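Student: The primary structure of each chain is shown beneath.
2 protein chains.
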Amino acid sequence: MFKINENYLKLPGSYLFSTIAKKVAAYKAENPDKTVISLGIGDVTLPLAPAVISRLHSAVDEMAVKETFRGYAPDLGYEFLRSAIVKNDYLARGAQIAIDEIFVSDGAKSDSGNIGEIFSVDNRIAVCDPVYPVYVDSNVMAGRAGDYLPDQGKFSNVIYMPCTAENNFMPALPEETPDIIYLCFPNNPTGTTIPKAELQKWVDYALEKGAVIIYDAAYEAYISEDDVAHTIYECEGADRCAIELRSFSKNAGFTGTRLGFTVIPKALKCGDVSLNSLWARRHGTKFNGAPYIIQAAGETVYSPEGQAQTKEMVAYYMENAAAIRAGLEAGGYTVFGGINAPYIWMKTPDGMSSWDFFDYLLKGANVVGTPGSGFGPHGEGYFRLTAFGSHESTQEALARIRSL
Amino acid sequence: MFKINENYLKLPGSYLFSTIAKKVAAYKAENPDKTVISLGIGDVTLPLAPAVISRLHSAVDEMAVKETFRGYAPDLGYEFLRSAIVKNDYLARGAQIAIDEIFVSDGAKSDSGNIGEIFSVDNRIAVCDPVYPVYVDSNVMAGRAGDYLPDQGKFSNVIYMPCTAENNFMPALPEETPDIIYLCFPNNPTGTTIPKAELQKWVDYALEKGAVIIYDAAYEAYISEDDVAHTIYECEGADRCAIELRSFSKNAGFTGTRLGFTVIPKALKCGDVSLNSLWARRHGTKFNGAPYIIQAAGETVYSPEGQAQTKEMVAYYMENAAAIRAGLEAGGYTVFGGINAPYIWMKTPDGMSSWDFFDYLLKGANVVGTPGSGFGPHGEGYFRLTAFGSHESTQEALARIRSL
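Line by line, the protein sequences are chains A and B. So that you can map any letter, position 302 of the first sequence is 369 in the numbering used here, and since no number is skipped, the others follow by simple counting. So that you can map any letter, position 45 of the second sequence is 112 in the numbering used here, and since no number is skipped, the others follow by simple counting.
Extracted from the complex, chain A is given alone in its bound form (with noise of 0.2 Å):
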C-alpha cells in the first residue's frame, strides 16, 4: 500500500491569502453595495509596459514560422537572457558573475520552494519572524522544520529571528547554528531593509560557520537608498557561500507572466562538490525551461526602452508608499517600510491584534490588507498594506481609514 509524505500533515491550516480571500468574498456578500478596496496581496496593478508587449508580439511572431519557431529551451535558460542578467544585474554592480552561474526559471517562488531540494534533510534552516510562508512551508513539507507548535505558531526546528521595531527590522546574528539561513532584503512583509555593511556581517557569519544563505532579492528594483546592496554579491566572499533569488514580478510586472532566476556561482561547494552542479541536475531533470516568448521579453525589460518603463512603474508604485507612509503617519499611525520596497509594514493601534485589525479596517473602512501575524508570531501587532493599487485607489484607502 503506497504511503502519502506525512510531513505535509504538519502544516497548519490554510494558506494565509486563502483565508483573506473567504473573510473577504463572506463581507463582499453580505454587503453588495460596498466596494472593496485591497491592498492585501502584493500583486502588481499596472500594465506590462510598451516595449514588453511589443517584443511578447514578435517573439509570438516567430513561433509561427517553421523558420524562427523555438522548440525545446536550453536547461539554464536562453543565452540571450542570460548575457543580458549578468552585464545588468551583476557586472554593472561590480560582481563577477558568469553565465553559467544564472538559472532562468518561471519565478522566484518556484525557486525559493525548489532550492532546498539539493540540501540535505538534516540541515537546520533560520528564517526571519515576520517571514514569506513559503520559506517555512516548503521546507515542512521537506521534513526538516520539525513539528509544529500551535501554542507558539512555530515549527520545533527552525530557528526564528525576530524582526520588530525594537531591533529596527534588522535579524541579530543566531544563538542557535544554522546551516540555511533564508534572508529576503528588501524584505516581504516588513517592507525594511538593512545596509550593505550589515548584510556583509551576514556573509561573513555564514562564510565562518560553513551556512548558505538562500537570499531572496525580489524587491531590489525598489530600493532607493545609497548604502543598500542592489546582489549580494556586492558583499566580499558572497558567491562562496550565498545563492540569490531574482524575480520579473516585482520590477516589470510579471506577476501573470511568470520569469524569475536563481543565481548559484561556481564557487559555492560543499567539499568537493558544487551546488551549481546540483541545480542544473534539478534543473534539467525537473523543469524544462520558461517560455521563449516570455524569455524574449524578459531580455527587453533590460534594454534602454525597458528600463525606462519599467522604473516608471517602479516610481509609479513608490509614490503610492510616500503616500501611504505619509497618510497613515498623518493619521497618527506608526509606519515602517515603504522606502526601499513596495510594502507598508504599520502597527495597530491601541495593541489590537493583526486580526482584529484586519476585520476593523474591513468592515469600518472596506479596505484589506494582510495581518502581520499571518507571516509569523513576531507579526502580531502588526499589518501588511501593498503599495501596487492604483493612486486613486490608494488615497481612496488612505482617506477612509483616517475617516475611520
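Possibly wrong hints are sitting among the right ones.
Same chains, same label: a pair holds when it works inside one copy or across any pair of copies.
[Stated by the list, open to error] In the PhoX-like style, the derived pairs of lysine-lysine whose C-alpha atoms are separated by at most 20 Å in a straight line are:
{"no.": "1", "residue 1": "LYS353", "residue 2": "LYS77"}
{"no.": "2", "residue 1": "LYS154", "residue 2": "LYS378"}
{"no.": "3", "residue 1": "LYS89", "residue 2": "LYS430"}
{"no.": "4", "residue 1": "LYS414", "residue 2": "LYS276"}
{"no.": "5", "residue 1": "LYS70", "residue 2": "LYS333"}
{"no.": "6", "residue 1": "LYS101", "residue 2": "LYS89"}
{"no.": "7", "residue 1": "LYS70", "residue 2": "LYS414"}
{"no.": "8", "residue 1": "LYS95", "residue 2": "LYS430"}
{"no.": "9", "residue 1": "LYS276", "residue 2": "LYS101"}
{"no.": "10", "residue 1": "LYS336", "residue 2": "LYS77"}
{"no.": "11", "residue 1": "LYS378", "residue 2": "LYS133"}
{"no.": "12", "residue 1": "LYS276", "residue 2": "LYS70"}
{"no.": "13", "residue 1": "LYS430", "residue 2": "LYS90"}
{"no.": "14", "residue 1": "LYS333", "residue 2": "LYS90"}
{"no.": "15", "residue 1": "LYS378", "residue 2": "LYS89"}
{"no.": "16", "residue 1": "LYS414", "residue 2": "LYS353"}
{"no.": "17", "residue 1": "LYS90", "residue 2": "LYS268"}
{"no.": "18", "residue 1": "LYS77", "residue 2": "LYS221"}
{"no.": "19", "residue 1": "LYS336", "residue 2": "LYS70"}
For the record, the hints were derived by calculation from the structure and aren't laboratory data. As the structure is a prediction and not an experimental result, all values here were calculated from the model.
Dock chain B against the given chain A, drawing on the hints supplied.
Tutor: What follows is chain B alone, placed relative to chain A:
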C-alpha cells in the same frame, strides 16, 4: 556546516541527451562539410497553429491594458482552461473528471519530476524498462531508488518491468509489489502502446495492491487505433488509483511554449487523505501558475480551429512515422511503434549495441537517433527515431540509412 542532498550523487554520469549532443558536436566540428539530420530528441519542428498564434497576440494585447491586465493566476489554473480540458479530454471520453481535479502547470516534465514529492520516501516504485529517464532520476534524487548498480545499469530499489519485442512491449504485472507504478502509453521511447483491456488489468492490479499509477499520457493525440484508451480514466476504478499527466507539447507543439496539466481525482486517497488536497498544497506553495497568455493559448487548442489545425500537425508527423516504418522495413530492418505514437523503435542490425549503431549511423549516414540502452538495460539492441522532422529531412535521412 550545511550538507547537500547526497542522493544526487547517486545519479550516474550525464543525461542521455547531453551525451548525444556532445558526440554530435564533436562529429560536426571534425566534419564541417557534412549535413547532420537529427531524428534524435523528441522536439517538434512545425510552428504553432495559426489559431494559437492569434490567441497569443490577443492575450498579449490584454496584458497591455490596465482593464484587462492579469496578475497572479489562480493556483490551479484559469477556470476557462480547466473547463475546456474537462469537457474535451474527459467528459467527451466518458470520464467523469471535475474542474477542481485539474491542475494546470508548465508541462508534464515538471509534473512528472515533482509528483513524487507528495509520496513517502519509503514507497517502492516500478517502471517500464526502457523508460523516460525523468521518472527514475527524480526518484533517485528523492532517495527512493536505492543505489546504482553499474554492472546492471539499474537502481537497487526500483522494480524494472522489461518491455521488449518478446512481450510485444507490454509489461507484465511485477512479481514484487510496488507502491507507485509509472506507466506511459502511448509509450516513450518505444512508440508502442497497449489496448484498453490491458490497461484495465493495471488499474485492477493497482486497486488490489493499494498502489498508485502515475500515468503519463503525453502522446495521447497520436493514438490512431480504436481499442486504445485516450485517458486512464476510461478504465473502471482508475479514479481511485491513478494520477494522469498531460502535455500540450506534442499535440499542439508547445515544447518551447510550456503548458501541461495533472489530473488527481478526489477519490484517490490514502486513508482519509486525498492526494488532490496534497497536490493543491504543493501547487499553492511551490508554483505560481503558468503565464496567462499561455493558458489563453492553451484554451484555443480546444476551439474548432485549434482542433483542426493541431490535428493536421499530428497527421503531418504521423506521415513521417509511416514513412520511417515503411522505409526501414523495406531496408530489411525490424521496426516497432509509430502507429499510435511519434516514435519508431528499431532493432539494431546484426546484434550491434545501441551505441555502436548510434556511431555507425552518425558517421555513415550523418543521421542522429537515440540509443535504446540510454533508456534502460532492456533498451539495449534497440534504437529510437522520432517522427518530428520535416517530410524532406525524414526522407533524406531514410535514403541515407538505406544506402548504408
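Student: Decide, hint by hint, whether the structure agrees.
Tutor: Results for each hint:
1. LYS353 to LYS77: between (25 Å within a copy, 16 Å between copies)
2. LYS154 to LYS378: Within one copy, since 18 Å is at most 20 Å while 43 Å is not.
3. LYS89 to LYS430: within (14 Å within a copy, 64 Å between copies)
4. LYS414 to LYS276: neither (35 Å within a copy, 56 Å between copies)
5. LYS70 to LYS333: For LYS70 and LYS333, the Cα distance is within 20 Å only across copies (16 Å; inside one copy 37 Å).
6. LYS101 to LYS89: Classified as within; 16 Å inside a copy, 64 Å across copies.
7. LYS70 to LYS414: neither (45 Å within a copy, 39 Å between copies)
8. LYS95 to LYS430: The answer is within: 10 Å in one copy meets 20 Å, while 70 Å across copies does not.
9. LYS276 to LYS101: neither (54 Å within a copy, 55 Å between copies)
10. LYS336 to LYS77: between (31 Å within a copy, 18 Å between copies)
11. LYS378 to LYS133: Between copies only: 17 Å across chains, 36 Å inside a chain, cut-off 20 Å.
12. LYS276 to LYS70: between (37 Å within a copy, 12 Å between copies)
13. LYS430 to LYS90: Within one copy only: 11 Å inside, 67 Å across.
14. LYS333 to LYS90: For LYS333 and LYS90, the Cα distance exceeds 20 Å both inside one copy (47 Å) and across copies (25 Å).
15. LYS378 to LYS89: neither (34 Å within a copy, 42 Å between copies)
16. LYS414 to LYS353: neither (42 Å within a copy, 30 Å between copies)
17. LYS90 to LYS268: neither (42 Å within a copy, 47 Å between copies)
18. LYS77 to LYS221: within (11 Å within a copy, 34 Å between copies)
19. LYS336 to LYS70: between (34 Å within a copy, 10 Å between copies)
Hints 4, 7, 9, 14, 15, 16 and 17 from the list above are not met by this structure, while the remaining hints are.
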